[in-house]
Amino acid sequence: MHVPDGFLDAPTSVATGVVAAAGIGLALRGARRELDERTAPMAGLAATFVFAAQMLNFPVGAGTSGHLIGGALVAVLVGPATAVLCMAVVFLVQALLFADGGVTALGTNILVMGLVTVLVGWGVFRLLQLVLPRKLGSVAPAAAVAAVLSVPASALSFVALYAVGGAVSIPLGEFALAMGGVHVLIGLGEAAITALVVGSVLAVRPDLVYGARRVLDRRKLEIRDVEEVRS
Amino acid sequence: MTEQTDRRLPTRVVVLVGIAVALLLAGVVSFYASGSPDGLERVAEEHGLTAAQKEHAAADGPMADYQTRGVDDERISVGLAGIVGSLLVLVVAGGLAYVVRRRDGGASESAESAEQAEQSKALTASDES
Numbered sequence: 019m020h021v022p023d024g025f026l027d028a029p030t031s032v033a034t035g036v037v038a039a040a041g042i043g044l045a046l047r048g049a050r051r052e053l054d055e056r057t058a059p060m061a062g063l064a065a066t067f068v069f070a071a072q073m074l075n076f077p078v079g080a081g082t083s084g085h086l087i088g089g090a091l092v093a094v095l096v097g098p099a100t101a102v103l104c105m106a107v108v109f110l111v112q113a114l115l116f117a118d119g120g121v122t123a124l125g126t127n128i129l130v131m132g133l134v135t136v137l138v139g140w141g142v143f144r145l146l147q148l149v150l151p152r153k154l155g156s157v158a159p160a161a162a163v164a165a166v167l168s169v170p171a172s173a174l175s176f177v178a179l180y181a182v183g184g185a186v187s188i189p190l191g192e193f194a195l196a197m198g199g200v201h202v203l204i205g206l207g208e209a210a211i212t213a214l215v216v217g218s219v220l221a222v223r224p225d226l227v228y229g230a231r232r233v234l235d236r237r238k239l240e241i242r243d244v245e246e247v248r249s
Numbered sequence: 220m221t222e223q224t225d226r227r228l229p230t231r232v233v234v235l236v237g238i239a240v241a242l243l244l245a246g247v248v249s250f251y252a253s254g255s256p257d258g259l260e261r262v263a264e265e266h267g268l269t270a271a272q273k274e275h276a277a278a279d280g281p282m283a284d285y286q287t288r289g290v291d292d293e294r295i296s297v298g299l300a301g302i303v304g305s306l307l308v309l310v311v312a313g314g315l316a317y318v319v320r321r322r323d324g325g326a327s328e329s330a331e332s333a334e335q336a337e338q339s340k341a342l343t344a345s346d347e348s
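Residue numbers (our numbering), protein chains in the order written: chain A, 19 to 249; chain B, 220 to 348.
Extracted from the complex, chain A is given alone in its bound form (with noise of 0.2 Å):
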């Protein structure tokens, strides 16, 4: 869902991007928090990988396709504020290097795609695992329902942009609905490739998966206290 050059006004593009510098000034201090020697490396696997299955369009009815966007992968991969970095990373290269969404339009897309569907996937993840059992088994369906909500909430963040600032005018309840039904549709692949992405690691080294952290510490206390039973 790259935007071109030209579908924002420029007050709305600029704001935009005023909103994606503030979100990304705050993703490095929250970043800090998430990161450490030993998760670091996933960040920029994360990375990578998200830029790479981007360029993987797949079809989703009659000629039309959608690819993944990654943001509530990244985030129940790394932590929310590492993956407003991550994506605002693979949107800026895109930008720059592909021509693959505009430079104008590069604080939209950050938003759009990056803190949107990190701060929906991550959210609704969270309360997700508030309900559900605090098992491993959890963390991969609770992530593919966090990824097929974040793709329509990162399409029909766009309309609502488009409504404030579209550069030509459209009815807004078709584009709402059009924009809302295909990117559900792609919502659908993306929690596919999600919870294929997070099950694979959770599946060898579940401490290297984010939103793993709160099973595996409470897992961690319910050893502490058979160990302190047996002595």
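Hints were generated in silico from the structure; no laboratory data involved.
Remember, it's a predicted structure, so these values are computed and weren't measured experimentally.
Misleading hints may appear alongside valid ones.
Incomplete in silico selection of chain B near chain A, CB under 10 Å [to be verified]:
1) Arg227
2) Arg231
3) Glu265
4) Glu274
5) Ala276
6) Gly289
7) Ser296
8) Val297
9) Gly301
The following label-pair restraints were derived from C-beta to C-beta distances [to be verified]:
10) Ala270/B - Lys153/A: 28 to 38 Å
11) Leu239/A - Ile295/B: 35 to 45 Å
12) Arg294/B - Val222/A: 23 to 33 Å
13) Leu195/A - Gly314/B: 40 to 50 Å
14) Ile295/B - Ala181/A: 35 to 45 Å
15) Ala40/A - Ala270/B: 26 to 36 Å
16) Ala181/A - Ala239/B: 38 to 48 Å
17) Val290/B - Pro77/A: 45 to 55 Å
With the C-beta cut set under 8 Å, the calculated list includes, among others, these residues of chain B facing chain A [to be verified]:
18) Ala239
19) Asp257
20) Gly258
21) Leu259
22) Ala271
23) His275
24) Ala312
25) Asp323
C-beta atoms are modelled at their ideal positions from N, C-alpha and C, and glycine is treated no differently.
Starting from the known structure of chain A, arrange chain B on it as the hints suggest.
Same frame as chain A, but now just chain B:
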């Protein structure tokens, strides 16, 4: 639990395999990706938005649109663009994460509980003496 730390895959392996998968996706599988317009492009077309679209500032770049200039073979052209982009993202994002990371070697929660453990040790030690 020692059995977990003994038998688990080293981080290095997980990361390298992951990067290899990404490079394979970007370098080979990308050629087979759907060429249809994506959701936004399609909806934009249908609603007459494409007229507003401006030409990209970097449209003349050597890898614009994931096509490597000067490479005729379609597969290699896209594949090369994919690999170059992936490696660039790896270096920039990885480098950023490396610079931002905490150097204490533990998650902030465990750092706090380590502090608490030390504090309670100090308290019990002073009780005994």
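Here is what the structure says about each hint:
1. Arg227: holds, 6 Å
2. Arg231: holds, 8 Å
3. Glu265: holds, 7 Å
4. Glu274: With Cβ-Cβ at 8 Å, under 10 Å, it holds.
5. Ala276: holds, 5 Å
6. Gly289: violated, 16 Å
7. Ser296: Where the cut-off is 10 Å and the nearest Cβ of chain A is about 12 Å from serine 296/B, the hint is violated.
8. Val297: Since the shortest Cβ distance to chain A is 8 Å, the answer is holds.
9. Gly301: Constraint on glycine 301/B satisfied, holds at 6 Å.
10. Ala270/B - Lys153/A: 28 to 38 Å: 52 Å Cβ-Cβ, so the 28 to 38 Å window is violated.
11. Leu239/A - Ile295/B: 35 to 45 Å: violated, 54 Å
12. Arg294/B - Val222/A: 23 to 33 Å: Hint holds: Cβ distance 31 Å, inside 23 to 33 Å.
13. Leu195/A - Gly314/B: 40 to 50 Å: At 42 Å between Cβs, range holds.
14. Ile295/B - Ala181/A: 35 to 45 Å: Holds - the Cβ-Cβ distance for isoleucine 295/B and alanine 181/A, about 43 Å, lies within 35 to 45 Å.
15. Ala40/A - Ala270/B: 26 to 36 Å: holds, 32 Å
16. Ala181/A - Ala239/B: 38 to 48 Å: holds, 43 Å
17. Val290/B - Pro77/A: 45 to 55 Å: Violated, since valine 290/B and proline 77/A (Cβ atoms, about 26 Å apart) do not stay within the stated range.
18. Ala239: violated, 10 Å
19. Asp257: holds, 5 Å
20. Gly258: Status holds, d = 4 Å.
21. Leu259: Hint on leucine 259/B: holds, closest Cβ of chain A at ~4 Å, below 8 Å.
22. Ala271: holds, 4 Å
23. His275: This interface hint holds because 4 Å falls under the 8 Å limit.
24. Ala312: For alanine 312/B, the interface hint holds, since the closest Cβ of chain A sits about 3 Å away, which is under 8 Å.
25. Asp323: holds, 7 Å
The structure shown violates the earlier hints numbered 6, 7, 10, 11, 17 and 18.
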